[in-house]
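Using the sequences plus the hints, can you model the full thing?
For reference, the chains in residue letters:
There are 2 protein chains.
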Amino acid sequence: MKKIYLDHSATTPVDPKVLKEMLPYFTQKFGNASSIHGFGQEALAGADRAREQVANFLNCETGEIVFTSGATESNNLAVRGFIKALQKNKANQNKKFHIITSLVEHDAILEPCMELEKNGIEVTYLPVKSNGVVDINKFEKSIKDNTVLISVMYVNSEVGSIQPIREMGKIIKKINEKRLKDWQRLSAKDRGEKPQKIYFHTDATQAVNFLNCDTKYLHVDMLSLSGHKIYGPKGIGALFVKNETPLAAMQLGGHQEKNMRSGTLNVVGIVGLGKAISMLDKKNVEKNNKKIAALRDMLVLGIKKNIPDVVLNTDRANATPSHAHFSFLDVEGESSLISLDLEGIAVSTGSACASGSLKASHVLLAMGIKVEVAHNSVRFTLGKNNTAEEIRKTIKVLPPIIKRLREMNPLYKN
Amino acid sequence: MKKIYLDHSATTPVDPKVLKEMLPYFTQKFGNASSIHGFGQEALAGADRAREQVANFLNCETGEIVFTSGATESNNLAVRGFIKALQKNKANQNKKFHIITSLVEHDAILEPCMELEKNGIEVTYLPVKSNGVVDINKFEKSIKDNTVLISVMYVNSEVGSIQPIREMGKIIKKINEKRLKDWQRLSAKDRGEKPQKIYFHTDATQAVNFLNCDTKYLHVDMLSLSGHKIYGPKGIGALFVKNETPLAAMQLGGHQEKNMRSGTLNVVGIVGLGKAISMLDKKNVEKNNKKIAALRDMLVLGIKKNIPDVVLNTDRANATPSHAHFSFLDVEGESSLISLDLEGIAVSTGSACASGSLKASHVLLAMGIKVEVAHNSVRFTLGKNNTAEEIRKTIKVLPPIIKRLREMNPLYKN
Numbered sequence: 019m020k021k022i023y024l025d026h027s028a029t030t031p032v033d034p035k036v037l038k039e040m041l042p043y044f045t046q047k048f049g050n051a052s053s054i055h056g057f058g059q060e061a062l063a064g065a066d067r068a069r070e071q072v073a074n075f076l077n078c079e080t081g082e083i084v085f086t087s088g089a090t091e092s093n094n095l096a097v098r099g100f101i102k103a104l105q106k107n108k109a110n111q112n113k114k115f116h117i118i119t120s121l122v123e124h125d126a127i128l129e130p131c132m133e134l135e136k137n138g139i140e141v142t143y144l145p146v147k148s149n150g151v152v153d154i155n156k157f158e159k160s161i162k163d164n165t166v167l168i169s170v171m172y173v174n175s176e177v178g179s180i181q182p183i184r185e186m187g188k189i190i191k192k193i194n195e196k197r198l199k200d201w202q203r204l205s206a207k208d209r210g211e212k213p214q215k216i217y218f219h220t221d222a223t224q225a226v227n228f229l230n231c232d233t234k235y236l237h238v239d240m241l242s243l244s245g246h247k248i249y250g251p252k253g254i255g256a257l258f259v260k261n262e263t264p265l266a267a268m269q270l271g272g273h274q275e276k277n278m279r280s281g282t283l284n285v286v287g288i289v290g291l292g293k294a295i296s297m298l299d300k301k302n303v304e305k306n307n308k309k310i311a312a313l314r315d316m317l318v319l320g321i322k323k324n325i326p327d328v329v330l331n332t333d334r335a336n337a338t339p340s341h342a343h344f345s346f347l348d349v350e351g352e353s354s355l356i357s358l359d360l361e362g363i364a365v366s367t368g369s370a371c372a373s374g375s376l377k378a379s380h381v382l383l384a385m386g387i388k389v390e391v392a393h394n395s396v397r398f399t400l401g402k403n404n405t406a407e408e409i410r411k412t413i414k415v416l417p418p419i420i421k422r423l424r425e426m427n428p429l430y431k432n
Numbered sequence: 019m020k021k022i023y024l025d026h027s028a029t030t031p032v033d034p035k036v037l038k039e040m041l042p043y044f045t046q047k048f049g050n051a052s053s054i055h056g057f058g059q060e061a062l063a064g065a066d067r068a069r070e071q072v073a074n075f076l077n078c079e080t081g082e083i084v085f086t087s088g089a090t091e092s093n094n095l096a097v098r099g100f101i102k103a104l105q106k107n108k109a110n111q112n113k114k115f116h117i118i119t120s121l122v123e124h125d126a127i128l129e130p131c132m133e134l135e136k137n138g139i140e141v142t143y144l145p146v147k148s149n150g151v152v153d154i155n156k157f158e159k160s161i162k163d164n165t166v167l168i169s170v171m172y173v174n175s176e177v178g179s180i181q182p183i184r185e186m187g188k189i190i191k192k193i194n195e196k197r198l199k200d201w202q203r204l205s206a207k208d209r210g211e212k213p214q215k216i217y218f219h220t221d222a223t224q225a226v227n228f229l230n231c232d233t234k235y236l237h238v239d240m241l242s243l244s245g246h247k248i249y250g251p252k253g254i255g256a257l258f259v260k261n262e263t264p265l266a267a268m269q270l271g272g273h274q275e276k277n278m279r280s281g282t283l284n285v286v287g288i289v290g291l292g293k294a295i296s297m298l299d300k301k302n303v304e305k306n307n308k309k310i311a312a313l314r315d316m317l318v319l320g321i322k323k324n325i326p327d328v329v330l331n332t333d334r335a336n337a338t339p340s341h342a343h344f345s346f347l348d349v350e351g352e353s354s355l356i357s358l359d360l361e362g363i364a365v366s367t368g369s370a371c372a373s374g375s376l377k378a379s380h381v382l383l384a385m386g387i388k389v390e391v392a393h394n395s396v397r398f399t400l401g402k403n404n405t406a407e408e409i410r411k412t413i414k415v416l417p418p419i420i421k422r423l424r425e426m427n428p429l430y431k432n
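Protein chains in written order, with our numbering: chain A, 19 to 432; chain B, 19 to 432.
Because the hints were derived from the structure by calculation, they are not lab data. Idealized CB from N, CA, C, for every residue including glycine. Accuracy of the hints is not assured; some may be wrong.
As the list claims (entries may be wrong) - Chain A side only, calculated, beta carbon under 8 Å to chain B, not exhaustive:
1) F48
2) S53
3) I54
4) G56
5) E91
6) H124
7) A126
8) L270
9) G272
10) S280
11) V285
12) A364
Claimed, not checked - Footprint (simulated), chain B over chain A, 3 or more residues, beta carbon under 8 Å:
13) 26-38
14) 127-134
15) 240-254
16) 348-358
Structure, rendered in structure tokens:
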């Protein structure tokens, strides 16, 4: 049985072209990029080229890229490393900082924020509309005088909703510019301290495959991404850190990555990430998006047509083309997942990162979905290698599964 | 020109057998190990087998292994995660903790210790003897009533000196047992709080290839290791954390690794680390050690015989078989390195992790070596694939290099 993979938000296979690029760095160009000799320089050259590929994609300087072990580390570093840097500054000792984030972020943002909250940082968790998108007016109103960091994800991993990052970036930029101008207008003796700039971070992990991640276009100061979500390897990620953004290292040691992240460079992983991202040129992305959206729409149509009592939680007008997040009412998501798995079809319930957990997804609850409906959810996330044949098989296999599972549920009304 | 690699302490090539084991996990068994479906379970099975391989090597339970992005992260987690866990306990709020480490540790231990020192933790940095080994009596005397953590490396990356970890472990165990007994002897009303156990961590990154790392034999509570130093991939490491050792996560998010280290499992890296460590069975280690020691001794003899005014900083009786750390008096180590590199021979000055730095190695200074002699140092570190032919070539090439460089130095006496 040929297996069908419809869980691309959890992880993606490494593209054979990416693997090919990586291979020489395991056994031949294996040097430590910190070494001065030929082996080291050869490795460093590989990492440098990858850094250029990432910088090119993000439209930034190579010196603004920090390689990490993945998006979780990038997100932790962005939030905690930023606050650590501010707190290191003695002038800030008695200041009460404010962070804004959203209720639908990944735990790698939410948990660092909650830890900071315990340590005296004020945090606002923005609600979302029923389609999973932050209300831009509520966003703007949440900004306060002591706001120092705003971290909002670009694309939600569960339902695929796209946040208006560029609009947020513009609003923040405007406020920063106004505050600075107001301050400059004051006479020297009235001025006091220069106003604190508000910095903007986005977790773009789920966006990179599909959306424009030009950091200047988005007006972001920091941006997280991961290798294994974009047909690159696991264990590698990056954080874009705009020049002059305060950031203190979380992992200390050999002073790699301009002191922002110590540890021997994972050259193989970096080379893989660089290659994977270089394949996301505008033309390829448009081609993939079109193909994936067509397959996703075929899946949605097929499911809606053949299965009663189903809710599509993904608002396709405001989501990446990959996502189709359903609730099959009165059927436990996990039962659907397991039944599909027996047919060789891989999907997810809620978010794969939190699978195994019995808690209802915090994202779905934030969207106003009832707990019991959240537990009925199944996430299909399509990728560039999926075929119409695979979608046809899924549409064929799923209705009898849902029917059978409902028949086993005494609460199901029919 | 066939290049000669004599810098195995900086990094090692991935063994082809290791790479072969890893390959299926890039493109076929690529699932997210947190996913419930077949792709996820296949990936998890690979990670689980690797976890068994590591646990087997360390003679511990699989649940005592935390996979990390490398030894730098393992070391940071061991020191900072341990103190964070103690500080989370409200009963400890007003306690002044004491950590013992040594002056010759890697920066990934020293820097976290120095940061903790700034935040009110007391730290003792043990001196070493001229051979780079900690004096066991000084070690014992440094233990105080408020000592909570001792972190001493197993093998030094620069000179290869072996620390008496097992002896230290026994001393700590004895003190812990005595304190507990004394406490138990007290009547219930006089007892007060149970005595704080002293925990013992060792950074075994440079030891794994050569020495017994049985955690029960060593009496350690935590142990760090890295993939790329043992013919495995970069970007992967592990921390052994004995059951009931307090440890709070540093990287927050998806709650992987029993909540101790969040982030999608780097399954490919984990599989590679497992395979690499599984190849270090007693027989292989003995065979490699014998071969490498013979080549190293051949190199030492050849250099001493053909080059005047040279100091061997490695005390071979107390070092791993890989290391031959020399000072060629009145010759800048970097000049030797570059000249050797032009002949296709890769060596290091001081520690590769800190290369590019102009500071004299803190390890050499701690051994009582003068700053100017430290700057003359060249580190040769041999590996399992080196040949007698390569050593002969090195012995042939080096004397004229040193002679030429000395002739360029007006300070050289001859």
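Measuring from the C-beta of L270/A to each C-beta in chain B, is the shortest one below 8 Å?
-> holds (4 Å)
Hey, does the F48/A contact hint survive, CB to chain B under 8 Å?
-> Status holds, d = 4 Å.
Given coverage of the stretch 240-254 of chain A by chain B, tested with a Cβ cutoff of 8 Å and a minimum of 3 residues | Per the Cβ count (6), the hint holds.
Chain B contact restraint for A126/A - C-beta distance below 8 Å | holds (3 Å)
Between the stretch 127-134 of chain A and chain B, see if three or more residues pass the 8 Å beta-carbon test, and mark the coverage as holds or violated.
-> holds (count 3)
Minimum Cβ distance from G272/A to chain B below 8 Å?
-> holds (4 Å)
Interface hint status, S280/A versus chain B (Cβ within 8 Å) = Nearest chain B Cβ about 5 Å off; hint holds.
Under the criterion of a CB-CB separation shorter than 8 Å, is S53/A in contact with chain B as hinted?
-> With Cβ-Cβ at 5 Å, under 8 Å, it holds.
Please verify that hint: H124/A, Cβ, nearest Cβ of chain B, below 8 Å or not.
-> holds (7 Å)
Using Cβ atoms only, decide whether I54/A comes closer than 8 Å to chain B, and label the hint accordingly.
-> OK, holds: I54/A within 8 Å of chain B, min 6 Å.
Using 8 Å as the Cβ threshold, decide whether E91/A counts as touching chain B.
-> This interface hint holds because 6 Å falls under the 8 Å limit.
Once the shortest beta carbon distance from V285/A to chain B is found, is it less than 8 Å?
-> Where the cut-off is 8 Å and the nearest Cβ of chain B is about 6 Å from V285/A, the hint holds.
The earlier numbered hints are all upheld by this structure, with none contradicted.
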